[in-house]
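Residue numbers (my numbering), protein chains in the order written: chain Y, 71 to 181; chain H, 10 to 121.
Accuracy of the hints is not assured; some may be wrong.
Derived BS3-like pairs (lysine-lysine); straight-line CA-CA distance at most 27 Å [unchecked claim]: (1) Lys127(Y) <-> Lys83(Y); (2) Lys123(Y) <-> Lys141(Y); (3) Lys88(Y) <-> Lys141(Y); (4) Lys51(H) <-> Lys76(H); (5) Lys73(Y) <-> Lys116(H); (6) Lys88(Y) <-> Lys140(Y); (7) Lys125(Y) <-> Lys76(H); (8) Lys73(Y) <-> Lys125(Y); (9) Lys140(Y) <-> Lys127(Y); (10) Lys141(Y) <-> Lys127(Y); (11) Lys11(H) <-> Lys65(H); (12) Lys51(H) <-> Lys127(Y); (13) Lys127(Y) <-> Lys65(H); (14) Lys140(Y) <-> Lys125(Y); (15) Lys76(H) <-> Lys73(Y); (16) Lys127(Y) <-> Lys73(Y); (17) Lys51(H) <-> Lys73(Y); (18) Lys140(Y) <-> Lys123(Y); (19) Lys123(Y) <-> Lys88(Y); (20) Lys51(H) <-> Lys113(H); (21) Lys73(Y) <-> Lys123(Y); (22) Lys127(Y) <-> Lys88(Y); (23) Lys83(Y) <-> Lys125(Y); (24) Lys127(Y) <-> Lys11(H); (25) Lys113(H) <-> Lys11(H); (26) Lys125(Y) <-> Lys11(H); (27) Lys141(Y) <-> Lys116(H); (28) Lys51(H) <-> Lys83(Y).
In case anyone wonders, no lab produced these hints; they're calculated from the structure.
Just so we're clear, the structure is a prediction, and the values are computed from it rather than from any experiment.
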Amino acid sequence: DVKVTQSSRYLVKRTGEKVFLECVQDMDHENMFWYRQDPGLGLRLIYFSYDVKMKEKGDIPEGYSVSREKKERFSLILESASTNQTSMYLCASSFTVGEQYFGPGTRLTVT
Amino acid sequence: QKEVEQNSGPLSVPEGAIASLNCTYSDRGSQSFFWYRQYSGKSPELIMFIYSNGDKEDGRFTAQLNKASQYVSLLIRDSQPSDSATYLCAAHSGAGSYQLTFGKGTKLSVIP
């Protein structure tokens with residue numbers, strides 16, 4: 071079974087803090103993705119990576135950056151957290167783009 | 010702007026009935042389509058995908074695709090209370106694209 075793990079299930083941070091969310095997959099997938107999910111807005115792609123050290127912006131990259139130094143690990147960085155970044159963050163990995171395996175999610179609250 | 014549209018629901022069906030979930034997409038170049046199920050408080054999981062026009066069956070689930078009408082559907086036969094979840098439709102434009110376009114999901118409630 072594919073396993074995608076995320077570093078925290080719940081996280082509370084203060085405005086202006088730098089926040090790191092980590093995602094690890096164990097299936098040697100080339101593709102990894104970061105989404106946020108908000109009520110009424112659905113799943114929105116923040117960034118994705120199709121290879122080590124390769125990254126591409128998704129639909130809402132502003133205020134975020136990513137790092138992929140190893141194939142199995144994809145990190146999302148909030149450079150200076152703001153209250154409008156309070157959300158559920160979901161990481162996914164895949165061999166083919168459509169068949170994505172999601173991690174359990176991190177519910178981030180920025181106060 | 011590529012869009013995938015779904016009725017948000019909730020769609021309520023009695024146990025044992027057929028649940029019909031529908032999805033339309035705007036990008037005529039979309040090649041493949043995916044249905045994800047998301048239980049409340051959980052992350053999405055892939056349940057079906059379809060690439061060709063027509064029907065694809067997997068157990069109680071049937072995915073239907075009509076590219077001319079830009080329409081995708083998911084039928085769930087003999088609906089069970091455990092099918093109660095939000096169903097997300099997603100479209101992929103094909104080779105060269107690394108993004109899925111997700112709909113906002115339809116919430117299904119199966120009433121015992």
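Quick rundown of the hints versus the structure:
1. Lys127(Y) <-> Lys83(Y): 24 Å, holds
2. Lys123(Y) <-> Lys141(Y): 9 Å, holds
3. Lys88(Y) <-> Lys141(Y): With Cα atoms ~23 Å apart, Lys88(Y) and Lys141(Y) stay inside 27 Å; holds.
4. Lys51(H) <-> Lys76(H): 31 Å, violated
5. Lys73(Y) <-> Lys116(H): 26 Å, holds
6. Lys88(Y) <-> Lys140(Y): Answer holds: Lys88(Y) to Lys140(Y) is near 21 Å, not above 27 Å.
7. Lys125(Y) <-> Lys76(H): With Cα atoms ~31 Å apart, Lys125(Y) and Lys76(H) exceed 27 Å; violated.
8. Lys73(Y) <-> Lys125(Y): 22 Å, holds
9. Lys140(Y) <-> Lys127(Y): Status holds; Cα separation ~19 Å.
10. Lys141(Y) <-> Lys127(Y): 18 Å, holds
11. Lys11(H) <-> Lys65(H): 24 Å, holds
12. Lys51(H) <-> Lys127(Y): 25 Å, holds
13. Lys127(Y) <-> Lys65(H): 33 Å, violated
14. Lys140(Y) <-> Lys125(Y): Roughly 12 Å between the alpha carbons, so the hint for Lys140(Y) and Lys125(Y) holds.
15. Lys76(H) <-> Lys73(Y): 33 Å, violated
16. Lys127(Y) <-> Lys73(Y): 24 Å, holds
17. Lys51(H) <-> Lys73(Y): It holds: about 14 Å lies between the C-alpha atoms, which stays within 27 Å.
18. Lys140(Y) <-> Lys123(Y): 8 Å, holds
19. Lys123(Y) <-> Lys88(Y): Satisfied, since the Cα-Cα distance of roughly 21 Å is no more than 27 Å.
20. Lys51(H) <-> Lys113(H): Holds - the C-alpha atoms of Lys113(H) and Lys51(H) are around 15 Å apart, at most 27 Å.
21. Lys73(Y) <-> Lys123(Y): 21 Å, holds
22. Lys127(Y) <-> Lys88(Y): Holds: Lys127(Y) and Lys88(Y) sit about 19 Å apart, inside 27 Å.
23. Lys83(Y) <-> Lys125(Y): Given pair Lys83(Y), Lys125(Y) holds - Cα atoms ~26 Å apart, limit 27 Å.
24. Lys127(Y) <-> Lys11(H): Given that 27 Å is the threshold and the Cα spacing comes to 16 Å, the pair holds.
25. Lys113(H) <-> Lys11(H): Judged against 27 Å, a Cα distance of about 13 Å means the pair holds.
26. Lys125(Y) <-> Lys11(H): Between Lys125(Y) and Lys11(H) the Cα gap is close to 21 Å, so the pair holds against 27 Å.
27. Lys141(Y) <-> Lys116(H): 35 Å, violated
28. Lys51(H) <-> Lys83(Y): Distance ~22 Å between Lys51(H) and Lys83(Y) Cα, so the pair holds.
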